[in-house]
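Now that you have both chains on their own, put them together as the hints suggest.
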Amino acid sequence: MYLVADISVEICAAKSCKLCTQYCPEANTIQYSDELGKDKGFKYGSAYVAVDRCKGCAQCVWVCDNMAKNYAIKMIMIDQLPKAALTENITYGEKSTTAVFASPSAG
Amino acid sequence: MSLDYVKFSNGFEKFMPKEYRDMVEHGPFGKKVTVSQMGNFKEVLEEHPMCAGCAMTLFIRLAMVAFPNPEDTITVGTAGCGRLAISQAAIPFVYGNYGDQNGVASGLSRGLRLRFGDKPKDVVVMAGDGGTADIGFQQVLHSWFRKERFTTIMLDNEVYGNTGGQESGMTNRGAVLKMAPLGKKFEKMDMLQMAKVAGCAYVATVVPNNPRRVESVIKKAVLIAREVGSTYIQAYTSCNIEYAIPTDKVMEDAKAVENDRYQFTEYVSDEAKQYLTERYGYKEFLAKPAAPAAAIPGKA
Ligand SMILES: Cc1ncc(C[n+]2csc(CCOP(=O)(O)OP(=O)(O)O)c2C)c(N)n1
Ligand code: SF4
Ligand code: SF4
Ligand code: SF4
Numbered sequence: 026m027y028l029v030a031d032i033s034v035e036i037c038a039a040k041s042c043k044l045c046t047q048y049c050p051e052a053n054t055i056q057y058s059d060e061l062g063k064d065k066g067f068k069y070g071s072a073y074v075a076v077d078r079c080k081g082c083a084q085c086v087w088v089c090d091n092m093a094k095n096y097a098i099k100m101i102m103i104d105q106l107p108k109a110a111l112t113e114n115i116t117y118g119e120k121s122t123t124a125v126f127a128s129p130s131a132g
Numbered sequence: 147m148s149l150d151y152v153k154f155s156n157g158f159e160k161f162m163p164k165e166y167r168d169m170v171e172h173g174p175f176g177k178k179v180t181v182s183q184m185g186n187f188k189e190v191l192e193e194h195p196m197c198a199g200c201a202m203t204l205f206i207r208l209a210m211v212a213f214p215n216p217e218d219t220i221t222v223g224t225a226g227c228g229r230l231a232i233s234q235a236a237i238p239f240v241y242g243n244y245g246d247q248n249g250v251a252s253g254l255s256r257g258l259r260l261r262f263g264d265k266p267k268d269v270v271v272m273a274g275d276g277g278t279a280d281i282g283f284q285q286v287l288h289s290w291f292r293k294e295r296f297t298t299i300m301l302d303n304e305v306y307g308n309t310g311g312q313e314s315g316m317t318n319r320g321a322v323l324k325m326a327p328l329g330k331k332f333e334k335m336d337m338l339q340m341a342k343v344a345g346c347a348y349v350a351t352v353v354p355n356n357p358r359r360v361e362s363v364i365k366k367a368v369l370i371a372r373e374v375g376s377t378y379i380q381a382y383t384s385c386n387i388e389y390a391i392p393t394d395k396v397m398e399d400a401k402a403v404e405n406d407r408y409q410f411t412e413y414v415s416d417e418a419k420q421y422l423t424e425r426y427g428y429k430e431f432l433a434k435p436a437a438p439a440a441a442i443p444g445k446a
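Protein sequences, first through last, are from chains A and B. Heads up: the first sequence begins at 26 in my numbering, then just goes up one per residue. Heads up: the second sequence begins at 147 in my numbering, then just goes up one per residue.
What the hints contain is simulated information worked out from the structure, not anything from laboratory work. Hints are supplied without guarantee of correctness; some may be wrong.
[Claimed, not checked] Straight line, CA to CA, 20 angstroms or less: simulated SDA-like cross-link-like pairs of lysine to any residue:
no.: 1; chain 1: B; residue 1: LYS153; chain 2: A; residue 2: LYS94
no.: 2; chain 1: B; residue 1: LYS177; chain 2: A; residue 2: GLU119
no.: 3; chain 1: B; residue 1: LYS164; chain 2: A; residue 2: PHE67
no.: 4; chain 1: A; residue 1: LYS68; chain 2: B; residue 2: VAL179
no.: 5; chain 1: B; residue 1: LYS164; chain 2: A; residue 2: GLU113
no.: 6; chain 1: B; residue 1: LYS164; chain 2: A; residue 2: SER121
no.: 7; chain 1: B; residue 1: LYS395; chain 2: A; residue 2: GLU35
no.: 8; chain 1: A; residue 1: LYS120; chain 2: B; residue 2: THR180
no.: 9; chain 1: B; residue 1: LYS164; chain 2: A; residue 2: ASP90
no.: 10; chain 1: B; residue 1: LYS164; chain 2: A; residue 2: THR112
no.: 11; chain 1: B; residue 1: LYS177; chain 2: A; residue 2: THR116
no.: 12; chain 1: B; residue 1: LYS153; chain 2: A; residue 2: GLY118
no.: 13; chain 1: B; residue 1: LYS153; chain 2: A; residue 2: GLU119
no.: 14; chain 1: B; residue 1: LYS395; chain 2: A; residue 2: ALA93
no.: 15; chain 1: A; residue 1: LYS120; chain 2: B; residue 2: VAL179
no.: 16; chain 1: B; residue 1: LYS401; chain 2: A; residue 2: LYS120
no.: 17; chain 1: A; residue 1: LYS94; chain 2: B; residue 2: LYS395
no.: 18; chain 1: B; residue 1: LYS395; chain 2: A; residue 2: ASP90
no.: 19; chain 1: A; residue 1: LYS99; chain 2: B; residue 2: ASP394
no.: 20; chain 1: B; residue 1: LYS177; chain 2: A; residue 2: ASP90
no.: 21; chain 1: B; residue 1: LYS178; chain 2: A; residue 2: SER121
Here the structure is a predicted model, which means the values were calculated and not measured.
Extracted from the complex, chain B is given alone in its bound form (with noise of 0.2 angstroms):
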């Protein structure tokens, strides 16, 4: 939770091992990392045994080097795929039970805040859909209704991946899956426009064949949430497993979803757009002025 947690202690500096002297000498911590120098530094995130090509796993890969500050972040998850990779960075895990993650957010959020005042901590949630869209739903909607500043990542894979392949609130209509054999009857929830009733200052989708894109949008996600309130990004990570992906195949696939359901959209609201142009030298929110009629070819 500081730069002082990723230094080696008097006298141990030899016993530790390569991975954990690489990542003091050459960790992302106190510098600003980008991910086009990926393969020049030593990445939080370690081996874990998420499936071979999982897109969930590129994405919480890119997640991480986007963290604005990695040394001062928190991450909670919950049962699904996505923390047997989340807990094996060195950045600190909170776990709880099934469904509770905006919860303990919350809490965490507030907590850090009475302890540390000021100084940016920052708290991220990933968790699956069945976690953020079913069994977590109630817990995601009161944060986001009481604006707790901290970001919500859903890890959109559209089924219950972890255990087998049941359908959640976020499976398309019709799609037939190992434990949803007749196909699903009901359309999928619509996160994106509840997060905006509920008074997200930020929403915004993305697909990780961009990763551009997804460290852009997880960088004003997390510094938005640090002041301004909640954020959510609902990022598709496809499941190769249970929608029969060939692990080659991830990407061509991750770029039709994107074409179909999961164009890149993005809100922010005025407050958000404010404080991001004003504290972090934003450009892109800046008002634009107004283009002279005359100068619209093909207006009289």
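One chain only, chain A, in its complex shape (with noise of 0.2 angstroms):
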């Protein structure tokens, strides 16, 4: 088992800075999704972590805690996730990105 980076909506929703986006070494793997967390009342949505390409490396958990002063992210063992986002499950609109998340043993 392995850590991975696990964004909290409501957490995330509630700022939506998109920092971490920026600060994740690996590409395409922090993706911001418009419609995260509207069910929930949020307006602008939330990131979230394609974990099959995250490294477990937790920068964003730093910038998240200390530039963003959010601690949205945390790390956790990829078997425990709640869900998870796979690349093969994301789709790229014009603006924003989707998410059909899964559990990530079905995945």
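See the structure below:
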């Protein structure tokens, strides 16, 4: 088992600063969706992680804690993730992406 | 090397992997993308074997987002860690022998000009500090003296990372590394000054903890190299393995090094300033009117 980053939609969507997407060393890994959190009344969407590309470095955690001061990202053992986005389930739109989340064991 | 290579051949669309389809439909080719849109479009960089949390990886990722015309760009690299990622992108990559990258890029950029005339085809060299300041030093300096029109980027991790920690000319004096156990005896080379002496039209230092600044210097360097002359960017891209930086502290280290020896500096020749202003509408280089003496507080 290994650690991957997990972003809390509720905490991220309250800020939606997109900083972590610019600091993750891996390309196409922290994605951004305008839709996430809308069902809970948040307006601007949330970041999420394509866990099959995450290398577990936790740089995004540092960025969210220290730069965004929002504490939305935690490192979690991959089999403990409540739900996971995989690259094959992400679709790119004109302005944002959409992921279909699955339980990680099913991925 | 043109928008034509990032499309589907007739009838093959449904057989292409998802990553390729995303690249054709939602990649940056033929559009203007910025770092603030990252996470919303498909980036040209794919998965690669560089270490988790490596700042060099982040820099390469940002650089590829910043290329003004990725569909008309060729990267040139050499032995060292960076090529492991630079080669895994939807941008043609040329790889020669260790240290010959600026010689290869000279021939390439001249050949492209002969073949394509005025149509911009950007050549960007990205190589380590060992590849640039030690093994490739002679070819780097000569390409600058000849004013070859391409961009040279040094990925400065202040060590030979790919081969396990030997000191390079860019290592700091006194640094103790796995294969330099007594500590380095000489100063870090001043490649910035050498780039200016050799006649580069644009010289900048940058650290990847400021993505927008990385974007801005890469854009300027690539545009200036199209017509004015050689451009040089020296980027601090720490090696968390050889310098034992915990991966979640890589940006903290970048900030500390930025404050210490990697403060942002930018030199732009007068010709390059004029070119950026007239051709690409850059306002930052317009001559500012001198402030009237009476308006300066405290001055009689
Ligand atoms: C002619 C030649 N000599 C030596 C090597 C072995 N070699 C591969 S990478 C490397 C060091 C790279 O260091 P640097 O250029 O600083 O890049 P980094 O790996 O630190 O990014 C060496 C010595 C080689 N590939 N070719
Ligand atoms: S840095 Fe934190 S708050 Fe900002 S987008 Fe990322 S997870 Fe959300
Ligand atoms: S842990 Fe590292 S690789 Fe994974 S999403 Fe965060 S920054 Fe990216
Ligand atoms: S050895 Fe160092 S420079 Fe090379 S990929 Fe790993 S962390 Fe990066």
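Practice problem: Output the numbers, in ascending order, of every earlier hint that fails for this structure. | Solution: Failing hints, ascending: 1, 3, 4, 7, 9, 16, 20.
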